[in-house]
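Take the given structure of chain L and dock chain S to it, following the hints.
Listed in order, the protein sequences are those of chains L and S.
So the first sequence is numbered by numbering that gives the first Met the number 0: it starts at 0 and just counts up by one.
So the second sequence is numbered by numbering that gives the first Met the number 0: it starts at 0 and just counts up by one.
Bear in mind the hints are in silico, worked out from the structure with no lab data behind them.
Note that the structure is a prediction, hence the values are computed from the model and not measured.
Cβ coordinates follow ideal geometry from the N, Cα and C atoms, glycine included.
Derived list of chain S stretches under chain L, where covered just means 3 residues or more per stretch with a C-beta under 8 Å from a C-beta of chain L:
1. 77-90
2. 114-120
Label-pair restraints from in silico Cβ distances:
3. S:A108 <-> L:Q128: 41 to 49 Å
4. S:K44 <-> L:D402: 14 to 22 Å
5. S:A23 <-> L:D402: 39 to 47 Å
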Amino acid sequence: MAKAADPQPVDSYDLAVIGGGLTGLALAIASAAGGLRTLVVEPMPAAAALAAPFDGRVTAVAPGGRRLLATLGVWADLAAEAAPIEDIIVGERDSRLTVHYDHQSVGSEPLGHIVENRTLRRSLLARAQALAGPALTLAMPDKVVSVEPEAQAVQLRLAGGGAASATLVVAADGKGSMLRRLAGIDVLRWNYRQVGIVATIAHAQPHGGLALERFFPDGPLAVLPMIGQRSSIVWAAQERLARDLVPLPDDAFAEELAERIGDRLGEISLAGPRWHYPLSMTQAKRYTAPRLALVGDAARAIHPLAGQGWNLALRDVGALAELVVDAKRVGLDVGSPALLARYERWRRFDSLALIAVTDGLNRLFGNDLLPLRLVRELGLGLVERTPPLKRFFMHHAMGLLGDLPRLMRGQAL
Amino acid sequence: MPIQASAASGRPAQPASLDPAELARFEAIAADWWDEQGPMAPLHKLNPTRIAYLRDRLCAQHGRDPLAREPLAGLTVLDVGCGGGLLCEPLARLGASVTGIDPGSRNLAAARGHAVAAGLAIRYRESSVEQLAAAGESFDLVCVMEVVEHVADPAPFLAACAAVVGSNGALGLATLNRTAKAFLLGIVTAEYMLGWLPRGSHDWRRFLRPSEIARMLRPGGLEIADLTGVVYQPLRDRFVLSADVDVNYMLFAPRIASPIAPADTRRPRTRGRSAVLPG
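Isolated chain L (complex conformation) (with noise of 0.2 Å):
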């Protein structure tokens, strides 16, 4: 009956996180900062990761994101490089109905941050390795070969030969999760029929902390203010369209987005690599497995247009995270069914309103029909009229509505 009366050597964890991207870290460091022993298993060595040059992707993090990571030692590292978006403006093209979320209406703080993922990625992994030890084991690089449940544990072997057994293991492995297919949950694709074009630009006037949303019948345009004079766009162009923006060269394609930008920012070129992907949607059928639950995009990818994929993210790892620390002090098993029930219901919720709200506003934008567009100029007119309703969509949109994790509201587990 004494522990570790297995004859090989097996090391024993409480969670083990597979995947160590910006959401398995995060979850990785909260987990082990509350005191459980805590395994990350990543194919992408560290050193790699943290070596990165920029590669154009960009990252929105909402005010109860940026809450988790300072919370978790990790934002003082970055701060200097997350620029804040202090205004939006929201509207169509060529028309006067426009919303604009100014951060004064909803108090001091930025609406939002963009950050380069290569950062987040460097001040996450720098934390963890702080961190690791006895609480917190980076295997980095490390691939799981083989996943085997029982009653009260699941035991895990590793590419590099090595075994663990985790009382939870957490999918943090991506829209395509292995681990997810390994538990046969079911996922529910929506194709978009656009394509995600992502790239940075550098401007001759500065940005000014704007960040614009700009709705076109051939899809939808974003445009985020980074530091300096430069800003990320996320361009979800509808197939047609991409098939010409796609081929064409650097200075072809900046002209396109300079008439479809204005001339808010001055003269713009391009200052990075430029990224095509197809958009679609994900939802997992179910975020929890037996001594599993999905975080992130393996639970569920949605639409870039509104900038919330890892705020949605960040939320699952607060409330995954509070979950199993709470459980922890208390000795209770931290993969226990109802545990995961919990989780499962405190996240779907969640997830499915914000896929039903950005899902509806680019099925509404999207189109150029006149009865609709009657419908989205008068909704646009009314919530710029209605203060009470455009706070309500801006603190959604900071990720400060709702249950929030006590991670989200700036409090230690």
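This is chain S only, laid out in the frame that chain L set:
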């Protein structure tokens, strides 16, 4: 009777405090102890709250950090009426050296099997607290959680529980109060309306008021240092600590003196405590 099917020879003599009908009721559901949605669902819901309470009181008594990795490391704990080990396992994970005793061999078989699968070293013994007291054993914490309301004769039972509390030890107890509200919420609602507990799980006449517990513990040298209510929040589906002790309550009673001679157990109760201990 289900208990007789597995009763082995050499079974310890059962003390007078044991109620055979109550034992049979728990033995019949031994396999369900760890089913969080099964007949023990209310205990599973109550577990985080009662463990946090015991952990915090014990850590305060011993000057420890309750949020440390194994805050109870090195402390010995006895769980009286451990059932399937719902309290033993978490306390062992918090670092305590745990002994669970129960008169039901099927309960103990379920507890042992579960602890082995969880890789936890817990001593489960088919024994009574009276036997441990007679053998002169002692512990840093003696847990009497949701047990005293099922005992036929609580005074000698609690005297034995007090006797196994070590010199710097304490007793933690949880039970139901004998109030009209406890009758309505604890029996009518939980057993008949919500179906949380099998009907007949509780007999209201056996419920004890905190003042009665205090009177039974005092001759054993234990004094109640903390008394708290536990209430269920239906919307959040969890139990929280509360000043309302009318239904469920927990108390923590450290040893303040050596046990006194049995002849003195009927002395009049100390004045001036009624403000703290209702009933």
